[in-house]
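Student: Order-wise, the sequence lines are chains A and B.
According to our numbering, the first sequence holds residues 1 to 622 in order.
According to our numbering, the second sequence holds residues 1 to 119 in order.
It is possible that some hints are incorrect.
[What the hints assert, rightly or not] FRET-style restraints, in silico, Cβ to Cβ:
#	chain 1	residue 1	chain 2	residue 2	range
1	B	GLY3	A	CYS576	56 to 62 Å
2	A	ALA529	B	GLY3	50 to 56 Å
3	A	CYS576	B	ARG94	38 to 44 Å
4	B	GLU25	A	PRO492	50 to 56 Å
5	A	ILE535	B	ARG94	33 to 39 Å
6	A	SER418	B	GLY28	31 to 37 Å
7	A	GLN392	B	ARG94	32 to 38 Å
Worth flagging that the hints you see were computed from the coordinates, not collected in a lab.
Please read all numbers here as calculations on a predicted model, not as lab measurements.
Note that CB positions come from ideal geometry on N, CA and C, so glycine has one too.
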Amino acid sequence: MNLYQLKRVLLQTLLLPILAAVLVAGALAWQLLNAQNAVTVIEQIDANIATTTLITALVLDENTALRSFQITSNEIFLQPYDLARKPLADNVAHLQRGLEGQADALEKLTGFREVHTRWVLTTAEPLIAAVASGQDTRNSGLNLRAKAQADNMQRLLGSIVQAQQERRVAAIGKWEMELRRTVVGLIGSVLVGGLIFGVFARSRLHVVNQAFQTTLASVRRHAQATYDSEQRVRTILVSLVDAVVVCDLSGSIALMNPAAEHLSGWKEADAMKQPFERVFPLGAAEGAAAPPSPRDVLEKEAYALLLGESLVLSRPDGAALLVDRSGARLQEGSGTTTGIVLVLHDVTQQRRTQAALLASEKLATAGRLAATIAHEIHNPLDSVSNLLYLIQTGDSAEENAEFIALARTELDRATQISRSLLGMYRESRTAVALDVTDLLESVLLLLQRRFIQGNVKLDKQFVTPAMVTGFPVELRQVFTNLLANAADAAPPGTTVTLATVVVPGSAVHDGGAHHHRPGVLVTIQDQGAGVAPAIQAQLFEPFFSTKGEAGTGLGLWVSKGIVLRHEGTIDLRSSCALENQGTTVSVFLPFTEFAPAESEMSGAPSEIILPQHVRTGPDHAA
Amino acid sequence: MPGNHLVLCVDDEHVGLQVRRLLLERSGYKVITAHDGASGLHLFREEPVEAVVLDYAMPGMHGGEIAAQMRAEKPFVPILLLSAYVDLPTEVTRVVDIYMTKGEGAPALLDKLRSLFGY
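Kindly generate the complete structure, drawing on both the sequences and the hints.
Tutor: Structural data, given as structure tokens:
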């Protein structure tokens, strides 16, 4: 029900009693009028009676005066008779007026007048004249006539009075009846009206009540829905494993979920209104710039949101956790910023796991290489051993000389491989200047067997020198991984093309990326079955492997990490179409500004890993 | 004493193969050689080979597969598997009569070969 409808109902409901009141007032007014009329009539009647009584008295006066004069013959006694004349006429006229509308009474009055006039003319005046002339007036005829006339007049007047009295009674009776009728009518109509009004009002009230109930129910429902929704959001917040923190415009904490309490070691109640930095003392990971505070984000328009940053959180209990932090501005519909919401994700365990997996990947790589190395060393040594035996048991100096020469060659081969192996596992913590081509050659030395076994030709298109600054051990890991993949993917009889190119700055290359920086681009191309587009995206993710259980799946992910650490890029393009099947992996290594600390072959190795006793070296972040 | 037993040597390593052949010939065997499984099997079928000295790691078919095929065709010819790898799976070593690693030395090889002929 809207406001207009409500107004109408109220109006209707109020109007009825007003109407009733008006009606009652009307009835009362009418009754008053009635009463007024009745009173007027009665007054008139009373006046008539009075007038008639007066006339009667005057007539009596006249008569008495006449009689007295008749008896005494003294003119003084005639005075009332004379005096009565005018008043009589006046009163009769007055009465005539007063009797207006009463035909009967008027007739009687007229009759009276006639009689009186006749009396005056035929009785009174003659009598006076007779008395005045000294005659004897005891004439019974005159007296009889006088009496008859007088009686007549009395009778007429009396009947007028009576009529008036009757009228009076009638008028009163009528008024009383009207009054009664009105009262009854009023009571009746009040009752009926009240009933009607009651019913009507009840129905109206009912309508209003219904509408009110409906509105109330609707409001309740909305309130419940809002509450439920709020509860749901609250439950979500509470259930989240990640810490959610909302800060107001001043960078102080406005809300924290239980995960945030757990992460920071603070209770929400204590943390309210505290500056974010106090509750979550976050520092950057080694070497990186200090992270921006929520206030920085809010104040500087440049930050619309914080992208995932990896930071170190110091807890009150002394623990240090690795967290990823991301955040966004809280904005109202109008676009004004009301705060900032931050999500903190504890990655400590994840990082540890990743580090362990990286170590095991190294182990696996080392294991795989160990097998190859064993092979590469055992073969020449076996020949050397056989040749020594031949020399021992032989007798030709010439032959022996040949054997010795051959043995030396084989030994050199073994030494070369062994040295290369040592160089590979010597870790350096600082970047050195290295020739990418040399590095690839040394990797190929160990992988050549794989290519031969798979009957895959290797096409080397090297440019040398191709100097970059980097970490040789790790780069070897990358290229071993990529070349091994190429060797595995290439069908027998096909060719794997390995090329290095020095890139001047701002050149666009077909490796799929625009290299605006100068550096070295290495491309490894095979003619294998290719990688489906759907899988390409996942290739560089950890644990993803197309080799089933044979691969740990870490290779490409680790390689990517290493390349990124060198501020380079790695990407893969592949086609499964039969016309140009194959995969090309491009690795770009820029000429970076690492300060070269040591050359490759100088100094004692910090860590040596032998095939039989494979130990993990100290971890360094890949 | 080994009479002129015909021994088939298969190895993709050229230098190693030649040296081994020399060694065996000096020890009194007749030797024919092959560089891979296909030519090795061909020789195995065509020639009256009395023993096989077989390298494990080779392009195409590896030693285990070659040995299995040899077994299927002439099960009574003894096979000695040579490997530069230290551990080979049992399904491979089961097929052959003797399995040894390279680098044990010439006397060891000659000894084991002799034992194949029952000496």
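Student: Could you see if the CB distance from B:GLY3 to A:CYS576 stays within 56 to 62 Å?
Tutor: Taking Cβ atoms as reference, B:GLY3 and A:CYS576 lie about 59 Å apart, which means the hint holds.
Student: Given the hint of 50 to 56 Å, check if A:ALA529 and B:GLY3 actually sit that far apart at their C-beta atoms.
Tutor: holds (52 Å)
Student: Look at the Cβ atoms of A:ILE535 and B:ARG94 and judge whether their distance stays inside 33 to 39 Å.
Tutor: holds (38 Å)
Student: Looking only at beta-carbon atoms, does the pair A:SER418, B:GLY28 fall within the given range of 31 to 37 Å?
Tutor: The hinted range 31 to 37 Å holds for A:SER418 and B:GLY28, with Cβ atoms some 35 Å apart.
Student: Does 38 to 44 Å hold as the CB distance between A:CYS576 and B:ARG94, or does it fail?
Tutor: holds (39 Å)
Student: Please check whether A:GLN392 and B:ARG94 have a Cβ separation lying inside 32 to 38 Å.
Tutor: holds (35 Å)
Student: Taking 50 to 56 Å as the stated bounds, is the beta-carbon spacing between B:GLU25 and A:PRO492 within them?
Tutor: Cβ of B:GLU25 to Cβ of A:PRO492: about 33 Å, so the range 50 to 56 Å is violated.
Hint 4 alone, counting from the list given before, is not met by this structure.
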